[in-house]
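Participant: Going line by line, the protein sequences match chains A and B. Read in order, the letters of the first sequence are residues 10 to 121 in this note's numbering. Read in order, the letters of the second sequence are residues 959 to 1072 in this note's numbering.
All the given hints hold, so there is nothing to weed out.
A few chain B residues that face chain A, going by a derived Cβ cut-off under 10 Å, partial list only:
id, residue
1, Q995
2, P1001
3, F1003
4, A1050
5, A1057
Hints are computed from structural coordinates only; laboratory data are not their basis. Here the structure is a predicted model, which means the values were calculated and not measured. Glycine residues also receive a C-beta, built at the ideal position from the N, C-alpha and C atoms.
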Amino acid sequence: SQQGEEDPQALSIQEGENATMNCSYKTSINNLQWYRQNSGRGLVHLILIRSNEREKHSGRLRVTLDTSKKSSSLLITASRAADTASYFCATRRNNAGNMLTFGGGTRLMVKP
Amino acid sequence: ETGVTQSPTHLIKTRGQQVTLRCSSQSGHNTVSWYQQALGQGPQFIFQYYREEENGRGNFPPRFSGLQFPNYSSELNVNALELDDSALYLCASSLDRGAGTEAFFGQGTRLTVV
Chain A
10 SQQGEEDPQA
20 LSIQEGENAT
30 MNCSYKTSIN
40 NLQWYRQNSG
50 RGLVHLILIR
60 SNEREKHSGR
70 LRVTLDTSKK
80 SSSLLITASR
90 AADTASYFCA
100 TRRNNAGNML
110 TFGGGTRLMV
120 KP
Chain B
959 ETGVTQSPTH
969 LIKTRGQQVT
979 LRCSSQSGHN
989 TVSWYQQALG
999 QGPQFIFQYY
1009 REEENGRGNF
1019 PPRFSGLQFP
1029 NYSSELNVNA
1039 LELDDSALYL
1049 CASSLDRGAG
1059 TEAFFGQGTR
1069 LTVV
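Extracted from the complex, chain A is given alone in its bound form (with noise of 0.2 Å):
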C-alpha cells in the first residue's frame, strides 16, 4: 500500500509558470522526498526535507513540510519544457530504516 498521494494527479502547465505538487501522507514520518522520473525510468532525488524542517529551497525548487497536517508541497519556478516528468513523493518512517514509502505521483507537463 503507498502512504502518500499526490495532487494533483496530472498538471499542464505553460513554460515560465510555477507548477505545484502536494503530497498528503498518513504516519509519523523521520524525512520526506521528492522524486522526479522521466519516461518511466531511473528516479532522480530532487531534495530531502527532514521532519523538524519546514521549507527547503534548491535552485528553482522549493519545498514546504507540514507535519501537522501530514502534508508537504513543491514548487517549481519559472517551469521548462525539460521539467516535464513524473515528481514522486516519498517518506521515511521511524523505525523502518530507509525503506521509502512512496505516492503515486503528479504528472506534469510543460509546454513551449
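With the hints as your guide, set chain B onto chain A.
Facilitator: Chain B only, in chain A's frame:
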C-alpha cells in the same frame, strides 16, 4: 548518472517462468533496496539487503526473493511469474541503512510477462 546499474534493461517472460534481475550498487554502498513500479503508479518497496542479509520486506509473496553478494551487488528473483508481475523493477543503493541516508536509483528493468 547515479553509479547504480541494472541489467537487463528490458525482459519478456512467459507466465510461470522464473526471472533474475541484477543490480550493481554504487561504490562504497552496502545497502540495496528493490522496488516494483506498475504502470502509472508509484514504486512499492519489495525488500532491502544490508551487508548480505535481508533487512526489511514489503508486502510481497515469498516467490519474490533476493540475494546480496560480498561486493554488495544484488539479485532479485521472481518465481512462477504472473501477468501482474509486469512492471518496472528499480534498484536503489545507499551508503547505509539509516533513515537519513540518500538512496540512488538505477534506470530499472522493464519486465513484461505474457
